[in-house]
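Given chain W, put chain C in place with the hints provided.
Protein chains: 2
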Amino acid sequence: MAFTRAEAFAPASMGNVGIGFDILGLAFQEPGDIVEVELCDQPGAVMHSIEGDGGILPLDANKNTASVAANAYLRQIGAKQGVSIRLCKQLPLGSGMGSSAASAVAAVVATNALFGSPLSRQELLSACMEGEALVSGYHADNVAPCLLGGITLICGTEAAQIYQLPIPGNLHLALVTANVSVPTSQARAVLPTTIPLKAMVAQTAGVACLIDALYRGDVKQMAAAMELDGVVEPARTHLIPMLKEIRTAAKAAGALSVVISGAGPTLCAVCDDAEVAKEVAQVMELVYKQAQLACVARCTQVDREGAQVLSLHE
Amino acid sequence: MAFTRAEAFAPASMGNVGIGFDILGLAFQEPGDIVEVELCDQPGAVMHSIEGDGGILPLDANKNTASVAANAYLRQIGAKQGVSIRLCKQLPLGSGMGSSAASAVAAVVATNALFGSPLSRQELLSACMEGEALVSGYHADNVAPCLLGGITLICGTEAAQIYQLPIPGNLHLALVTANVSVPTSQARAVLPTTIPLKAMVAQTAGVACLIDALYRGDVKQMAAAMELDGVVEPARTHLIPMLKEIRTAAKAAGALSVVISGAGPTLCAVCDDAEVAKEVAQVMELVYKQAQLACVARCTQVDREGAQVLSLHE
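These protein sequence lines map, in sequence, to chains W and C.
The numbering used here numbers the first residue of the first sequence as 1421 and each following residue consecutively.
The numbering used here numbers the first residue of the second sequence as 1421 and each following residue consecutively.
Worth flagging that the hints you see were computed from the coordinates, not collected in a lab.
You may find that some hints are simply not true.
Unchecked claim - Here are the in silico distance ranges between beta carbons for each label pair:
| # | chain 1 | residue 1 | chain 2 | residue 2 | range |
| --- | --- | --- | --- | --- | --- |
| 1 | C | GLY1472 | W | PRO1616 | 33 to 43 Å |
| 2 | W | LEU1611 | C | SER1605 | 27 to 37 Å |
| 3 | W | LEU1611 | C | GLY1557 | 21 to 31 Å |
| 4 | C | ARG1724 | W | ALA1672 | 38 to 48 Å |
For glycine and all other residues, C-beta sits at the position ideal for the given N, C-alpha and C.
Excised from the complex, chain W in its bound form (with noise of 0.2 Å):
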């Protein structure tokens, strides 16, 4: 149990996943955050440093979810002594790709191994959770996936109520990330507060449609089955730069689909080929450059793992 550093990596994760709008989630292999915690005599988490946020994220324990989310930690195992945090940001923030749920799984991840794992994945998730609620609200969209690796079904906050489902073979997923800023609160506050019931059985019939089709591994009938939402996509078309044409340009392209990953600006086109999502990523950032909209695009597959103990020190 004598360990003094420990290092963990946690993956960006997509909420939503298309049609399940806040019941749904899917870990990306890459990229992720990094964070490394230290052994300190004084209790509760502090941080050390950060890296790579641009200097955005605050170094207050109180207000940067990898600490408030070690700290509850901290508190569940009845802790006596503390870590400091070392956060290397790998995930561009209010992007769409979970970053603050990364920040806060990993900082768990991390001081879990360096008590010596006394607590199980699934008892991590509510430590989690008490971070992400610093920045999105107190829910496991993408603290769940990220921690667990996957593509999860969450109905509720205990970790009893999260599902592992199945994850197609042949799942090829391109990113494209516009530089431009989609704060969560935005994207929550143009949603309609009440829907027609037609409207939600069609959106029950999409998620039915993709449930089944991720057990039976049929990538197309998922990807037709995300693009089926049609109460949260089309309130937040508008704040995504060009989604149409992405959608358009991805698919020529051979994508299957486009959705908005969480909530925006990240586009997820998927694909059911390597080189195929290859060639996807590519035309997304063309689509952007071409507007002289910067962007990043990247290819990656679902984790299927989750957050991974990196190093660990005695």
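Frame of chain W, contents of chain C only:
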């Protein structure tokens, strides 16, 4: 092709399956309607006779779901001859068990057999729906499971939009039908036209949970998910006699959940054991009898085959 007489059985079915309003259907092994058709030289379908309806259903060929569906089928294959229909009603009318769908499906399946089965099961869907449309609107909630069997996900009105879902092995159902009429039109009129966005999120989570449970063969999770409907059941509770009392009594006897079958008044209790289902059926019957309400209780399972040709005569 020289058949003169054909007889078909079509099973009862449950629309909605609890949480899945307007998108899920489930076929029961029993009861079901039986239709016999006889070849006529005159084109079109006519009603020869109806048994078991208490004299309520119309013999007018334009007003009976069986003849309207058969007529749609005859037009579809361009038949020059027609059929005379004997309908043996075994399903109670207006009971939420897909009575109109069963008559339509039995008529179409019998007529298809009579003409040498030129059309596939899937190709029969639209003719069956035309019959159903006469009384319940153009949808496949009951027609699809009745025609195809099993548990069906209905994402539209085309055969390609209907998916067969897995059926858990140890699924046993107890049904009770109080002798009150709940017209589908009334059951639809009480529904809200708009719902809160949060209710949509809960409904999609419940549906996702149900589909997940079906694929994992988890009857307990299936039953729990079916009861998560927070939109349709609350609006209809007052139309169903003693729903709360029946649910409480059924659960005390071992039922895992109780939901309204279709628009009601039939209630369906989900069990994972045949003996328990028998006892639950008795207990539900007793609740109504003690309240001096006439009712019929049944035990059944999911029908896996759909409508069946019973006999075919040259």
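Comparing the hints with the structure gives:
1. GLY1472/C <-> PRO1616/W: 33 to 43 Å: At 39 Å between Cβs, range holds.
2. LEU1611/W <-> SER1605/C: 27 to 37 Å: holds (33 Å)
3. LEU1611/W <-> GLY1557/C: 21 to 31 Å: holds (30 Å)
4. ARG1724/C <-> ALA1672/W: 38 to 48 Å: Check passed, 43 Å falls within 38 to 48 Å.
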